[in-house]
Structure formats: structure tokens, C-alpha cells
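*Asks:* Using the numbering used here, read the sequence shown as starting at 154 and increasing by one per residue.
Careful: at least some of the hints might be erroneous.
[To be verified] Label pairs and their in silico Cβ distance ranges:
| id | residue 1 | residue 2 | range |
| --- | --- | --- | --- |
| 1 | F297 | R417 | 28 to 34 Å |
| 2 | F410 | D277 | 37 to 43 Å |
| 3 | I253 | I307 | 37 to 43 Å |
| 4 | V414 | I296 | 31 to 37 Å |
| 5 | S279 | F207 | 46 to 52 Å |
Read the hints as simulated data drawn from the structure, not as lab findings.
In this text, a Cβ means the ideal position worked out from N, Cα and C, and glycines have one as well.
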Amino acid sequence: MLTQDFFINSLVAVVVISLVTGALGSFMIWQRLSYLGDSLSHSSLLGVALALIFKISPSLSIMLIAITFAILLSLNFNRLYSADTILNIVTNVVFSSSLILMSFLPSGNNSIISSLFGDILTLDQSDIVLIFLTSAVVTLILIFRWRYWLMISINQDLAVVEKINVTFVRLEFLITLAIFIAIAAQLIGILLIAAFLLIPAASARLISKTPMQMIIVATVFSVISGISGLMLSASFDLLTGPAIILVAAVYLIIAYFIRLVLSRLA
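Using the sequences and the accompanying hints, generate a full structural model.
*Replies:* Spelled out as C-alpha cells, the structure:
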């Protein structure tokens with residue numbers, strides 16, 4: 154099985170996606186946007202429901218919904234409510250809308266199950282191309298906008314002094330994150346993509362001293378977790394998305410103990 158074409162396609166997809174999740178997850182943690190990943194991924198479920206009902210491209214539908222959701226979240230609603238309150242309300246409204254729409258679909262729809270938990274072992278060449286292009290674009294944005302994203306993540310006051318448009322840069326980050334989640338959620342699963350973004354970054358934070366070091370370590374954890382989870386899934390016929398997340402959680406525990414050992418040796 155490990156040498157068959159479908160497994161090779163899945164392996165390539167996992168590695169390409171993993172090369173981006175470490176960096177995006179790190180920025181999410183720095184900006185205290187951990188809950189945002191769940192919000193964006195749950196909004197993708199509405200895209201799946203609309204795609205199935207109107208028989209349009211799931212990728213396009215999910216991307217448009219996720220981008221719209223990101224733009225709404227970037228608006229300045231926090232004068233009356235905290236960001237967590239807004240996220241919670243909007244997420245549950247969108248999720249409820251998705252469930253209502255899905256109730257009109259035939260029961261046992263495989264597309265719904267695949268969307269929730271991922272179906273990376275069924276990727277074809279067109280999926281690989283889409284994943285590669287999306288990851289390449291996100292990587293280029295990361296490279297060219299690194300300074301601005303880091304500035305608003307670490308010190309917003311300094312960003313204002315440097316005359317950086319914090320609102321625009323945050324919107325830019327949210328839209329980039331939304332596009333990536335819209336594509337990656339179809340592989341890892343809508344319910345699990347946020348965890349795949351955050352767990353490797355959380356692991357890296359335990360043993361990293363600088364932002365760049367954290368991104369590098371998070372990327373390594375993402376790649377290793379993705380490959381290990383995929384091999385575990387293929388070997389024991391497990392759901393791929395959950396297998397990857399469980400492996401990532403194991404590495405988080407390992408990173409925690411490494412931190413304990415290093416702190417005692419220091």
C-alpha cells in the first residue's frame with residue numbers, strides 16, 4: 154500500500170500542507186487567535202453544504218465562505234463585545250445554518266463525512282496541484298509580509314509607531330488563513346484542521362526561544378506528525394485526519410517533557 158500511487162499523492166499533499174501549517178499556527182498563537190481556527194474551519198462546513206445543494210465546486214464554495222467569514226471577523230465589532238463573544242456567536246450561527254442545510258441532503262452522504270474528518274487517501278492529481286499552488290502562494294505571502302505580520306503579532310503599539318496599518322495587515326492575515334483552511338480542511342477534515350494548525354505550533358513554543366526558531370520547529374513537528382499519521386492511517390485502516398492529530402498530540406507531550414528536562418539542566 155505504501156508504494157501505491159494514491160498513497161504517494163497523499164504523502165506529497167501532507168508534506169506540502171505541513172510546510173505551511175507550522176508558520177500559520179505560530180502566528181495564530183502569537184495573535185491569540187486559537188479559537189479563530191475553529192471558527193474558520195466550521196464556516197467551511199457551510200461551504201460544503203452549499204456546494205452539495207447547488208452542485209458547485211466545493212473548493213470554490215468553501216473558499217468564498219471562509220473569506221467572507223474572515224472579513225466579517227475583521228470588522229470592528231469589539232466596542233460592545235469581546236472578540237471571543239463575537240467568535241462564539243458567529244461560529245454557532247454559521248454552524249447551525251450548515252446543519253440545517255445538510256438536513257435537506259440524503260442521509261449517509263459520503264461527502265459530508267469526508268469533509269468532517271478528511272479523506273486524504275482519495276486525492277487525485279488535480280487536488281495535488283491545487284494544494285501545491287495554494288501552499289506556494291501562502292508561503293510567498295509569508296516571506297514578503299513576514300515583518301508586518303510579526304510586528305502586529307508581537308507588539309501592536311510598535312506597529313502603529315512604525316505606521317503599519319494594523320487593521321489592513323490583520324485582514325490580510327485572516328484572508329490568507331481562510332484560504333489555506335478552505336483547501337487544507339478538505340484533507341485533514343473541517344473538525345480537525347484547526348488542531349493541525351495549533352498543536353505543532355504549541356509544541357514548538359515549549360522548546361523555542363525566538364519567533365523564527367518557533368516557526369522552524371513547528372514546521373518540523375507538522376511534517377513529522379503528518380507523515381507519521383498518514384502511515385499509521387494507511388497501515389491500520391484508520392481515519393487519516395484523526396490519526397494525524399493524535400500523533401501531533403503525542404509530539405506535544407514529548408515536547409513538554411523535553412522542556413522539563415532542559416529547564417532542570419539549565
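*Asks:* Hint by hint, note whether the structure agrees.
*Replies:* For each hint, the structure was consulted:
no.	hint	in the structure
1	F297 / R417: 28 to 34 Å	41 Å, violated
2	F410 / D277: 37 to 43 Å	40 Å, holds
3	I253 / I307: 37 to 43 Å	41 Å, holds
4	V414 / I296: 31 to 37 Å	34 Å, holds
5	S279 / F207: 46 to 52 Å	20 Å, violated
Against the hints set out earlier in the document, violations occur for numbers 1, 5.
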